[in-house]
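Chemist: Chains A and B supply the protein sequences, listed in that same order. If you want this note's numbering, it's the 1-based position in the first sequence plus 646. If you want this note's numbering, it's the 1-based position in the second sequence plus 900.
Some hints could be false.
To be clear about the criterion: a stretch of chain A counts as covered by chain B if any three or more of its residues have a C-beta under 8 Å from a C-beta of chain B, and this derived list gives those stretches [stated by the list, open to error]: (1) 761-767; (2) 1006-1013; (3) 1029-1041.
Hint data in this document are derived by calculation from the structure and do not stem from the laboratory. Don't be surprised by glycine CBs; every beta carbon is placed ideally from N, CA and C.
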Amino acid sequence: MDGISTTYNTKDTLLKLFDEYFGKPAADGNPDIGQLRREAIAVFAQKGFPHTRLEKWRNTDLSRALNHDYSFPLNPDNSGVDFGDIFRCDVPGFDTHMIAQLNGVFIDRGLKPAQSSEGLVVCSLAEAFVKYPQLIASHYGKYAAFQENSLTALNTAFASDGVFIYVPDNLVVSEIVQMVNLIHSGDPVFVQPRNLVILGKNSSLKLVQCDDSVDDQIGFINSVTEVVLAENANLDHYKLQNKNDRSTLVNNIYFHLESGANLSTNAISLNGGLIRNEANVKLNGSGAHADILGVYLMDRNQHIDNQVFVDHAKPDCTSNEMFKGILDDQASGVFNGHILVQKDAQRTNAYQNNKNILISDKAVIDSKPFLEIYADDVKCSHGATVGQLDSEALFYLRSRGISIENARMLLMYAFAAEIVNKISIPQLQLRIDDLVKKRLRGELSICEQCVLHCNSREQKVSFEIDMSKI
Amino acid sequence: MEKDPNNILEEVTQSEYKYGFYTDIEMETAPKGLSEDTIRFISAKKNEPEWLLQFRLEAYRKWLGMTEPTWAHLHHPPINYQDIIYYAAPKKKKELASLDEVDPELIETFNKLGISLEEQKRLSGVAVDAVIDSVSVKTTFSETLEKQGIIFCSFSEAVQKVPELVKQYLGTVVPADDNYFAALNSAVFSDGSFCYIPKGVRCPIELSTYFRINAANTGQFERTLIIGDENSYVSYMEGCTAPMRDENQLHAAIVEIIALKDAEVKYSTVQNWYPGNKKGEGGIYNFVTKRGICKGNNSKISWTQVETGSAITWKYPSVVLMGDHSVGEFYSVAVTNNYQQADTGSKMIHLGKNTKSTIISKGISAGHSSNSYRGLVKMTKRAENSRNFSQCDSLLLGDKCGAHTFPYIKTENKTSIVEHEATTSKISDDQLFYCNQRGIGTESAIGLIVNGYAREVLKQLPMEFAVEAQKLLSISLEGSVG
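Isolated chain B, as found in the complex (with noise of 0.2 Å):
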């Protein structure tokens, strides 16, 4: 029977977090609050090099010195940087060599996001970083990869194994002070991951860490550096879920990539936190600073994000192409429902010749969500014919929710070509009823116009992600749409 497709968009809306849960692991945690002893604490405890001390502390003081960005189409409760806890860690267990020694409650946790180690290690020949709660727990195919050269390890351990790589490439692209949020995580960073590609080197396999907030009232602030050396290639992935909390938890990451000449870096990532509840209680504040810089000449780097989680999303994955010839690409779905919030988009900054750049962004606002495209494009003098093109476009299911476009366009050469399009529109009839006529019930019908409407970004996440993409496109439309 067909239902009413009145009441299809409704259900869409209605449907609850289905990865909500919590692990009940010992937690070390640092005392709540931020102050330079809290940044000691950090820095003890990770038993860092002094340079990196200075390197927070230095970030922290010019933190201090700025305030919260209010320009955003962003409503939220203030938020008290002083009611977070900085560090949380599982506590510290003797060096851990196969599954079975891994605390049998995280093993667990992941097999409810269906991602076991074992079952990743065996059946997707992808090796995993994963990182609860800030600290990795169990890293494999490391030694795959430490044939070739390749560093795939958490920060941590990255700071301790190859310091001088960290403190070369740290903070060059994202500078602690860039902005408020980046100089927080600069001051307070836990861990992340941290990816060299050594010259020449194409590394045979997709990384991926899954980053997951685990224990309330703890501030996440994961801290990834990617590398890619001259005429190296390396596909990355991210993805995330959280359980389910009434408190807000914030999360403010930064990712920088480095991509030398010649060299090609494709991040991926799904991100699937904890929306808040219908009534939009809860919820996972995402403050994140991504930027790669495409730094040699015929260089690449490309993003790929699939956003369908976050109370609120402030996030602008953004290359600066300096290299000539260098490209940079853009690829995003971000899905809000309920009371979610989402700014984001992309920049792209042309500094080298015969520079390239795509953006590719879809927005799918449903319920009483907000949905905001922001992106800058620039060229500049120097970047004799750049080309341009950005592509965003809105869907509205539901007239509660909004979805809104601020691109910013700054040429300033006369060889350079900027396209910008953008369109906004809802399902429309003549679709739907193009669909029923052929026995496609409405729900069923909005599922395949959404992912044929997102088809265009999810083509571009490597195959295994593009599963789990569409899984959590359906999730969080609805458990049936997709």
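Same shape as in the complex, but just chain A (with noise of 0.2 Å):
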């Protein structure tokens, strides 16, 4: 039952949509893929867009970001844009091999990562459906479960294209991948990316994935990747969200890690209209490790809900979260961690934090930290704690001649650092660093583009006290 009720029927549109170009069994020349939108799309149809009546949605409501007439560009026109000007990133030193999608589709700038010689694929999905058709008949589709959301099904019934990556075994990619992900378009636009990334045995990668806006243009982006790590794989994976006001971005990502490999994956989202990531971690494998971080700091109407699902399916796995936010104006979050010990699953341990901190009387914060046991030979913890910046350190602070606003920006920074200390890339450290900083001072805007590809050199933000010295 469709519980969205909006002036534009999006629902239906996207239905004739789908049998307009999925309709006949032609149309697609991959027929297990095809079977998987048919399949995928009759879920979608039975379920409709996500309302607040379902347990994992009662505090995020759509129905806002979808009373728009949005566009739904399935072969865009990329033509007229001016590609170096969108994409340009100019964090000193940060040397990336970096991925542009615009307005979900893969722009093709005839780029070869470094290490192509030794295996490594960095293409669009579609031409991995043609290139690589072993690679996407065992991964494509494997780890993403749409029969519980609607979302990634309505994803899967669309998707086309997106980022494609795969590192072969015993490959350690040194270039960082970067991929971008714009929306440019006159009208809103209602985009379905969808990326595959699949790390060989032995194999390490580190991926940085950024949300950003161009303009102050509504959008819909509804994102769904699959990660899947092989024996041993080590991924450092980091959103970037900085998003405009009008935007709605839900971003499912779907990890599976086979026995020792080890994940890092690090949300920082810093602006956007209606944020919503859901990670699912599946640690299939003995010895796998996942640690899953995330930091936002909202203000205005933003809406932030991180969604985290960890399945401890196999003995022996570790999963840390840890997720920090700070929210200001009427800003809303939504945390909710869910911790699942699968019968067997001994020697558990899995930690999950969720800390908050509410600036104003009408920011609201619903926290669910949430454990599911079925094993008994495990620990396991989880905290969550809503409050506000401490007033004995405020005191401390101001009774040495910082002023309030500084004193109060230090804790708040402090607090957020945490998470940002833990960013392994120093490059991307020392600049999301700054631009914590500069959002907490209130000076960062959204028309500056993605948070790692400025127009303006940035000013150098300081604060009356030296924070270096922190």
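Using the hints, put the two standalone chains together into the complex.
Modeler: Below you can see the structure in the form of structure tokens.
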């Protein structure tokens, strides 16, 4: 049953669109994918867009975000766009292999990663469908379960492009791979990028996933990313979100870890109208480890929703979750952490923590750290706190001549720094650190494009006190 | 000779329910099934005023339009509400002046439970309002209490004696349409306890009620109403055991507590209903709505519960902190064994300024059981400078059981502080080794550790109760533990 009622019947439009594009079996080259699409659209047709009567969505209401006359660019024309102008990165010393996605479509700029001769593949998903059918057949759609998630189902039904990354066994990728996903369109657009990242045995990759707005355009991104880590693979993953206030971003990521694999994922949400991050982590082999971190700084009417599901399917795995957030003005935040320890997943260690600071009386936080445990030899803990800046700490700083504004900023900065300091790419850490400071000073404007590639050279953010000494 | 530690857990889960017996008393029962006629029958039997009948009927009509909740982490076959006898009472006998006149079989029953009225009356100084299948049989110490102006009697009696008080407060904390089971109770509630502490009175003794489900196929629908008037204090205790029966029995009770300005109400309960046999057959289905409201400033409501029985427990004692500076507390130990399922926790709704709440929940699961904590802490906009601390720990004894935690936290103002922490673990080999090393057998060590784990809650219980609670904890985990 569709609980969302809007002026524009987005659901019906999408169903019609599906019939038009994928309704005929011949429309899709790959019959398996065609079959998957049809199964997925059936789920979406039945469930519709998620509504607040669903337990997982009770605090995030999509109805306003869906109340726009969206266009659905399936084969967008990007010819009139100056890519060089939109996509550029000027973080000093931040040398990445950058992949650009505009309105959900991979932009082929003819660049090849340095290690392509060693088997590293970075290309568009559409290309991978044709070129790497075996990899697609064994991984695509295998981790993003859409039966219970109608947005993932919708993405699966329409998925036509996105990023495909394949790291062969034993390859350590030295370059940082950066995916930049931009929305740039005259009308409100609804885009659905689909990414697949495959890490072979003992391989290693650093991946930065950026979601940004170019302008103040209304947009809805329903993104699904599947990431599989084979035995002993290592992934360092960052999500940077700096969208405008009129945008909606639903980010579903499905991590699948085999034994000994190591994942570190960090979601940094600095700005965005409505952001929902769903991180699903399946620890499917003993010895796998996942760090799931996040920090969110929201104000005005922004809404942030972090959903984390860690599935301890096999014994001897460890996971560690830590989410911190500061909410100001009328901003609202949701944290929903779910740790599932399956039967026989003995010797599991799982930790979960969510800390929030409310700055204003109108900010709201809903936190639900949730444990579901079916094995006995486990150590699980979770914690959640909601509070304010420590008044004694504020007094301490003020008594030493630091103004109230600076003292507050300092404490907020220190609060967020716990997560920011865990970023293991030094240049990125510096840059995020800078952005957090700017964000806290209210100086970060959305027109500054992406957090990592701005038109104007950044002015150094300086506090009255020397922050570098902290 | 030290037993094999692997067998101990098994033994722990093997012990049969020790309080299983059945008292044969002539019952006067309503016909099976639920309809407006049944409700009229109950109401007529109890000689109730018209407004109460209307209250029941309205609740029944609302209940018809409701559906059974499915969100809890519980699994049970569907309940046939038409297959239940909604009223059963021991046949009315003439008013009793002394214990000698009480049915000897009843006395026997209480003796088996170790709570003979005689003993209670003489030794413990506790007034006991013993409820057997819905109708109060004997009330003790009423006279002592009456001198202070305290009203402590069965609910039906209160309806006759102080209808205006009942009418004023009934359904104000748990509205008739609060939830499915509350609506059912409001429609068919049979009896329960009523307690009113007048202004400025500190109740000199602990008030206690023993509930006991007795006849097969009889749903029990107690309704308890406790009112603490301004600046009063009362400690109220409730405890239950049930005879062994194979058919599932439904229990849907309501407890309402009202604490006015400066009043303090302490509610303690030990629940040990028949949990079903080792295969998970039979046992009580316990769907209870318990809620208190701190209506006046500086009032306090404290819930303490030890849950060891029932096949299914669905119970969330809550406090609505309405008055400024009011305090809500919840202390709970929930033990599940074999195929028992418990979904229990607390709700703290902060409405007033400077309100404080504490939640301490200790879950212990063994066998194939499932034990969930589900709680809500809500800080509304008005609840400035409010404070909550929640801790819910789970202890796992055995690799087939489940322990879950579902805490909900909602904060809408910037001056409140909410803290929640939880851990789940089993008894570590280190702890056992430490005990063994000092000559404590594994079995006693488990008992020691479990008791220590639950201590924080048990120490909240009144003394008389704490002893029994420890006994129950031991029985539900095995006779020798404790």
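Chemist: A separate judgement is required for each hint: does it hold in the structure or not?
Modeler: Do the hints match the structure? See the list:
Coverage of the segment 761-767 of chain A by chain B is violated in this model, with 0 residues showing a Cβ closer than 8 Å to a Cβ of that chain against a need of three. Coverage of the segment 1006-1013 of chain A by chain B holds. Counting CB-CB distances below 8 Å, 7 residues qualify, and the rule asks for three or more. Counting residues of the segment 1029-1041 of chain A whose C-beta lies closer than 8 Å to any C-beta of chain B gives 6; at least three are required, and the coverage claim holds.
When the structure is compared with the earlier hints, a violation turns up for hint 1 alone.
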